[in-house]
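Visitor: Residue strings, one per chain:
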Amino acid sequence: MRFSPSSRNLLTFCTLLLITLVCLPWFLSLYIAGMLTIALYFSVFTMSWDLLFGYSGEVNFGPTFLIGIGAYAAALLNVNAGLPVFACVLLGTLTAVLAGLLLVAPALRLRGPYFCLITLVSVLVLQEFITIFAQYTGGEIGMTLPGVLSASGMVNYYLALALVCVSAGVFLGITSSPVGLILQAGAQDPVAAESLGFNIVKYKVLAFSLSAFFSGLSGAMLVFYMGTASVSIVVSVSVILQIIIAAIIGGRRTIVGPILGSLFIIITGQWLQYLGQLDYAAVAILALIILLFFPDGIAGIILRRH
Amino acid sequence: MALLEVSGLNKRFGGIRAVKDVDLSVQEGQIVGLIGPNGSGKSTLLKLLTGVHKPNSGSIRFDGREIHNWPINKRIKQGMAIVFQHSRPLHRQTVLDNIKLALLPDRVFNIHYPGDIEAKALQAARLLGLEDVVDAYPGSLPFGYIRRMEVAKALALSPRLLLMDEPFAGLTPSEVGELAELILSARHEKQAIVLVDHNVKAVYSFVNRIIALYVGAKIADGEPREVMANAEVRRVFLGKSMDEGQILQPSMASEPGGDNLLLDLDIESLKYGKAEILRNVSIRIREGEFASIVGLNGAGKSSLMKAVTGLVNYTGDVKWRGMSTKRMTTAQIIRLGIAFAPETRELFHHMSVKENLEMGGERLNRHELEARLEDVYALFPILRERVAQPAYTLSGGEQQMLTIGRALMQAPSLLILDEPTLGLAPVVLEAISEALLKLHQSRGLTILLAEQNLHFALKLSNSIYLLDHGSISWHGAVADFVQEVGDKFLV
Amino acid sequence: MQLFWEILVNGFIVSSIYALGAMGFSLIFGTAGILNLAHGAYLVLAAIVAWFFISYFKLPLPAGLAIGILASVLFSYLLFFLLVNPIDKSKRIPEEEKAIFVLTATLLWSIIIEGMLDYVFGSTPVVIPPFVSGSMHVFEISVTYNMIILAMISLLIIGLLWFAINRTRPGKMLLAASMSRTGVAIMGIELKRVYLLLWGIYGILAGISGVLLAAFLGASARAAPELTGMAFSIVVLGGLGSITGSFFASYIIGYLGTLTAYLISPSYTPLPAFFVLVVILLLRPQGLFGRF
Numbered sequence: 250m251r252f253s254p255s256s257r258n259l260l261t262f263c264t265l266l267l268i269t270l271v272c273l274p275w276f277l278s279l280y281i282a283g284m285l286t287i288a289l290y291f292s293v294f295t296m297s298w299d300l301l302f303g304y305s306g307e308v309n310f311g312p313t314f315l316i317g318i319g320a321y322a323a324a325l326l327n328v329n330a331g332l333p334v335f336a337c338v339l340l341g342t343l344t345a346v347l348a349g350l351l352l353v354a355p356a357l358r359l360r361g362p363y364f365c366l367i368t369l370v371s372v373l374v375l376q377e378f379i380t381i382f383a384q385y386t387g388g389e390i391g392m393t394l395p396g397v398l399s400a401s402g403m404v405n406y407y408l409a410l411a412l413v414c415v416s417a418g419v420f421l422g423i424t425s426s427p428v429g430l431i432l433q434a435g436a437q438d439p440v441a442a443e444s445l446g447f448n449i450v451k452y453k454v455l456a457f458s459l460s461a462f463f464s465g466l467s468g469a470m471l472v473f474y475m476g477t478a479s480v481s482i483v484v485s486v487s488v489i490l491q492i493i494i495a496a497i498i499g500g501r502r503t504i505v506g507p508i509l510g511s512l513f514i515i516i517t518g519q520w521l522q523y524l525g526q527l528d529y530a531a532v533a534i535l536a537l538i539i540l541l542f543f544p545d546g547i548a549g550i551i552l553r554r555h
Numbered sequence: 005m006a007l008l009e010v011s012g013l014n015k016r017f018g019g020i021r022a023v024k025d026v027d028l029s030v031q032e033g034q035i036v037g038l039i040g041p042n043g044s045g046k047s048t049l050l051k052l053l054t055g056v057h058k059p060n061s062g063s064i065r066f067d068g069r070e071i072h073n074w075p076i077n078k079r080i081k082q083g084m085a086i087v088f089q090h091s092r093p094l095h096r097q098t099v100l101d102n103i104k105l106a107l108l109p110d111r112v113f114n115i116h117y118p119g120d121i122e123a124k125a126l127q128a129a130r131l132l133g134l135e136d137v138v139d140a141y142p143g144s145l146p147f148g149y150i151r152r153m154e155v156a157k158a159l160a161l162s163p164r165l166l167l168m169d170e171p172f173a174g175l176t177p178s179e180v181g182e183l184a185e186l187i188l189s190a191r192h193e194k195q196a197i198v199l200v201d202h203n204v205k206a207v208y209s210f211v212n213r214i215i216a217l218y219v220g221a222k223i224a225d226g227e228p229r230e231v232m233a234n235a236e237v238r239r240v241f242l243g244k245s246m247d248e249g250q251i252l253q254p255s256m257a258s259e260p261g262g263d264n265l266l267l268d269l270d271i272e273s274l275k276y277g278k279a280e281i282l283r284n285v286s287i288r289i290r291e292g293e294f295a296s297i298v299g300l301n302g303a304g305k306s307s308l309m310k311a312v313t314g315l316v317n318y319t320g321d322v323k324w325r326g327m328s329t330k331r332m333t334t335a336q337i338i339r340l341g342i343a344f345a346p347e348t349r350e351l352f353h354h355m356s357v358k359e360n361l362e363m364g365g366e367r368l369n370r371h372e373l374e375a376r377l378e379d380v381y382a383l384f385p386i387l388r389e390r391v392a393q394p395a396y397t398l399s400g401g402e403q404q405m406l407t408i409g410r411a412l413m414q415a416p417s418l419l420i421l422d423e424p425t426l427g428l429a430p431v432v433l434e435a436i437s438e439a440l441l442k443l444h445q446s447r448g449l450t451i452l453l454a455e456q457n458l459h460f461a462l463k464l465s466n467s468i469y470l471l472d473h474g475s476i477s478w479h480g481a482v483a484d485f486v487q488e489v490g491d492k493f494l495v
Numbered sequence: 002m003q004l005f006w007e008i009l010v011n012g013f014i015v016s017s018i019y020a021l022g023a024m025g026f027s028l029i030f031g032t033a034g035i036l037n038l039a040h041g042a043y044l045v046l047a048a049i050v051a052w053f054f055i056s057y058f059k060l061p062l063p064a065g066l067a068i069g070i071l072a073s074v075l076f077s078y079l080l081f082f083l084l085v086n087p088i089d090k091s092k093r094i095p096e097e098e099k100a101i102f103v104l105t106a107t108l109l110w111s112i113i114i115e116g117m118l119d120y121v122f123g124s125t126p127v128v129i130p131p132f133v134s135g136s137m138h139v140f141e142i143s144v145t146y147n148m149i150i151l152a153m154i155s156l157l158i159i160g161l162l163w164f165a166i167n168r169t170r171p172g173k174m175l176l177a178a179s180m181s182r183t184g185v186a187i188m189g190i191e192l193k194r195v196y197l198l199l200w201g202i203y204g205i206l207a208g209i210s211g212v213l214l215a216a217f218l219g220a221s222a223r224a225a226p227e228l229t230g231m232a233f234s235i236v237v238l239g240g241l242g243s244i245t246g247s248f249f250a251s252y253i254i255g256y257l258g259t260l261t262a263y264l265i266s267p268s269y270t271p272l273p274a275f276f277v278l279v280v281i282l283l284l285r286p287q288g289l290f291g292r293f
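Chains as they are written, first to last, in this note's numbering: chain A, 250 to 555; chain R, 5 to 495; chain B, 2 to 293.
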């Protein structure tokens with residue numbers, strides 16, 4: 250196997266990033282490590298989004314449909330059925346994949362803006378349902394979970410980091426495999442890809458399922474880390490926005506870029522908190538500037554210097 | 005049994021029958037060229053074969069199986085391969101990776117590349133003379149190489165039938181020769197090829213059989229020489245057979261314009277992406293002149309007209325009465341007094357005939373508008389009858405008259421017409437030709453016409469420019485054209 | 002029976018306002034090919050600005066409404082000049098990704114407007130005071146004059162829009178641009194002029210429907226995504242780009258919402274719209290009425 254200059258860059262970059270992330274908590278306060286833990290879960294959301302956007306060419310305006318279903322299904326099972334945390338996370342993840350395949354994946358057949366629309370609406374529907382069934386879901390306030398992943402901040406941090414490594418590994422594996430090549434060909438020119446004998450929809454569904462799996466898994470784990478499941482953490486439009494912004498800032502179509510973007514956005518989010526209600530607007534303005542002037546993002550700049 | 009057996013194939017788009025009852029069969033090893041003027045349905049026919057469009061009725065049998073309803077990817081697995089005219093390769097991957105893509109099986113859980121894929125891809129690249137650029141990115145290569153890469157991908161599938169849409173479009177004459185040779189040497193002798201191309205010359209020397217189409221129907225099928233000698237084929241390409249002597253005498257002998265230079269065009273190069281469409285084209289048009297640009301489809305006539313009207317970018321300059329129009333928007337150029345009747349017509353389909361005409365006279369006051377409308381109705385009386393009908397309900401000929409009428413509403417100093425005869429019946433042609441003659445002779449309107457129908461162009465113009473592969477290969481007066489060039493440019 | 006009349010009358014009023022709300026959204030898609038995900042934010046913006054000038058500066062109602070609509074027009078031009086036009090002209094964004102960039106940009110723009118509204122005016126829903134007082138009794142139910150006026154204004158504006166597009170020169174220019182942009186350019190009409198007109202009309206339409214909506218149901222910045230979703234549902238149901246289709250679809254969505262509100266619970270009102278949208282997208286993506 251020959252390595253192109255960019256994939257060698259990528260390898261160095263990933264190793265450096267991993268070493269930094271492994272060592273970081275030794276030097277940081279518990280509070281900051283906790284914040285980073287959230288950022289790590291968040292980066293799994295963003296990577297899952299980037300798999301669809303950057304490789305399969307689909308804009309998912311409703312990543313929190315998948316995340317939210319994973320999180321809420323896990324939480325409901327924990328609160329109402331009293332299942333152990335591990336089982337809840339697993340079942341929550343499966344529910345997310347199933348719901349995604351039933352409700353959203355059919356739109357993958359269609360060209361044009363339909364996939365964007367249906368994903369956006371799916372989140373609004375989910376939000377409505379959470380409000381309507383407030384007696385189970387806690388409505389606006391959310392619900393407190395009896396189960397926790399771990400009581401130790403360090404364990405939590407490394408659990409999240411492990412999830413990031415596994416999902417980044419799977420995504421990078423997929424995108425550098427034949428499947429990744431076919432996905433990109435389908436995104437670039439669907440008819441041309443079909444004319445090489447590929448049934449493109451099949452690959453898009455695979456990518457979507459993977460995206461749904463890791464979104465749901467990360468959503469479920471996040472709520473057990475936080476101890477609460479609420480709309481503002483895993484469903485609301487502002488979460489979608491942060492995911493999209495993180496992916497664009499980090500550099501779309503790179504998988505690792507979104508990790509940088511997520512760390513960046515969670516940290517600036519904390520830093521911008523003094524702006525109060527304006528924080529999202531400020532982040533959105535920042536994202537717009539990046540969108541207009543640096544469409545390739547941070548990783549795009551680092552990785553594409555052959 | 006024939007490899008490909010098509011019978012009674014029909015395709016309609018709205019009210020237009022693009023392909024009418026076409027039958028054809030292709031044997032193993034045959035190389036078949038589909039030719040025909042614009043709008044003849046050849047591209048649609050190819051799209052029915054590839055599966056991009058599905059036919060309304062008829063059958064397509066490939067290797068004994070009925071495939072007319074199959075999706076594209078299933079046809080490929082059955083042994084077809086397709087080279088599209090406009091395909092977007094993977095720009096972040098190398099040429100070799102692009103070729104590898106073609107060699108991958110269609111299996112979702114295919115996580116590893118097959119071990120021999122590298123060698124196979126290199127072999128495919130070598131066949132098309134790409135061995136030196138396998139590590140390059142497509143974006144950095146000239147257009148000819150990208151086209152070769154697309155052919156390499158298709159041949160890597162080892163197809164029994166290769167379908168090619170305009171494989172020679174956008175290539176320089178030397179690149180055309182190279183590509184044709186490479187394809188012929190790379191292909192297996194049992195492989196059949198069906199291709200569509202506007203470049204009749206390239207098709208003629210490449211194929212061993214030609215099928216000519218006209219308004220959706222097959223009009224000739226056989227040996228290339230036979231087909232190109234066929235009177236009907238020559239008629240549809242040139243307007244009328246050149247043997248009908250007297251038509252070559254231009255019907256008007258007026259002097260080619262005065263001294264006042266209106267349009268001074270020097271285009272160094274015009275490119276779509278990497279494909280160079282025009283090279284070093286110079287045209288001068290004097291006031292009162294009727295100039296025609298003739299040439300086969302795909303020669304670059306429409307692109308030239310679009311360059312004049314600022315619809316595409318180019319290097320070089322176009323001057324109007326000595327003033328450069330290069331930095332102007334299309335609307336600014338039009339307001340200089342240049343009216344344009346484009347090949348695609350660009351009518352406002354859901355607006356009535358009158359509303360369409362009024363859009364042309366958008367800058368006029370009520371009074372002038374009425375007078376101008378009367379003028380157009382006098383020129384094309386049928387438009388007065390259709391005045392309240394939406395444009396899309398008009399026949400092709402009426403739409404063309406409306407397009408010209410709408411341009412005339414602007415009271416232009418120069419009228420540019422792009423293929424006004426496209427797909428029109430002879431009667432309509434006559435009416436349009438009379439109207440143009442009237443405009444030119446009695447009103448002294450300067451006209452620039454781009455036309456494939458040679459007969460039509462010769463009959464009307466003072467001067468002729470022959471556009472061949474993006475360059476002017478001849479220009480001069482009509483009478484000289486008849487003597488020096490005649491219809492020899494066809495093949 | 003009383004319930005029947007209430008649903009019929011309320012449904013009609015709500016649907017008429019929705020129809021107006023969807024017009025701008027449909028117009029901008031049909032003519033410029035842009036799906037404006039900030040549409041809901043424009044409705045809310047006009048409503049909140051109008052409310053602010055009326056209740057804080059005690060401006061007379063019409064003046065307040067005018068300022069609200071003006072704000073919407075201003076932001077409409079900002080969107081065009083700051084985002085849509087630069088992305089369209091950008092050489093660094095690949096041609097095929099431009100639609101996605103514009104879509105994402107309008108979503109971000111929406112968040113910016115919502116965030117600013119939230120920050121400046123707070124998040125409590127605002128209600129524009131009634132235009133007229135009093136009510137009348139018809140069909141066993143009482144209908145306020147204000148509701149009737151709102152519905153009438155909506156239909157009147159839709160009528161005016163129809164007239165402007167089909168009977169005036171600038172309107173025909175817009176209509177022509179939605180059929181062929183090249184056609185418009187070769188008539189000697191600057192496309193830039195067409196876009197300026199388009200975004201201006203869009204701002205006015207969004208502004209008016211925003212204040213009418215707030216006068217009937219109230220408005221808050223938080224409701225913006227839901228309103229965008231509603232406009233989406235209507236426009237997709239009617240067929241993307243078809244203004245006539247959107248008009249009829251508004252009544253379907255409006256009545257479905259009203260039925261749900263009366264027969265099940267008001268908190269479920271937006272749900273049927275979203276369900277219809279999902280079903281339509283899965284079964285008949287070209288919409289009920291197709292194009293034109």
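Keep in mind the hints are simulated off the structure, nothing from the lab. Bear in mind that the values here come from a model prediction, so they are computed numbers and not experimental data. Any given hint might turn out to be false.
[Claimed, not checked] With a Cα cut of at most 16 angstroms, we get these calculated EDC-like pairs of lysine to aspartate or glutamate:
1. B:Lys99 / A:Asp545
2. R:Lys205 / R:Glu179
3. B:Lys173 / R:Glu359
4. B:Lys173 / R:Asp110
5. R:Lys323 / R:Asp270
6. A:Lys451 / R:Glu366
7. B:Lys92 / A:Asp438
8. B:Lys193 / B:Asp89
Visitor: Holds or violated: Lys205 (chain R) with Glu179 (chain R), Cα cutoff 16 angstroms?
Guide: It holds: about 14 angstroms lies between the C-alpha atoms, which stays within 16 angstroms.
Visitor: With the threshold set at 16 angstroms, check whether the alpha-carbon distance from Lys451 (chain A) to Glu366 (chain R) stays at or below it.
Guide: With a Cα-Cα distance of about 52 angstroms, the restraint between Lys451 (chain A) and Glu366 (chain R) is violated, given a limit of 16 angstroms.
Visitor: Are the Cα positions of Lys99 (chain B) and Asp545 (chain A) separated by 16 angstroms at most?
Guide: 13 angstroms, holds
Visitor: Would the hint linking Lys193 (chain B) and Asp89 (chain B) be met if the CA-CA limit is 16 angstroms?
Guide: Cα-Cα ~12 angstroms, so holds.
Visitor: Below or equal to 16 angstroms on CA atoms is what counts here, so check Lys173 (chain B) against Glu359 (chain R).
Guide: Status holds; Cα separation ~8 angstroms.
Visitor: Please verify whether Lys92 (chain B) and Asp438 (chain A) have alpha carbons no more than 16 angstroms apart.
Guide: 20 angstroms, violated
Visitor: Tell me if the straight-line CA distance from Lys173 (chain B) to Asp110 (chain R) falls inside 16 angstroms.
Guide: 51 angstroms, violated
Visitor: Lys323 (chain R) and Asp270 (chain R): Cα distance at most 16 angstroms?
Guide: 8 angstroms, holds
Going down the numbered hints, you'll see the structure goes against 4, 6 and 7, while the others check out.
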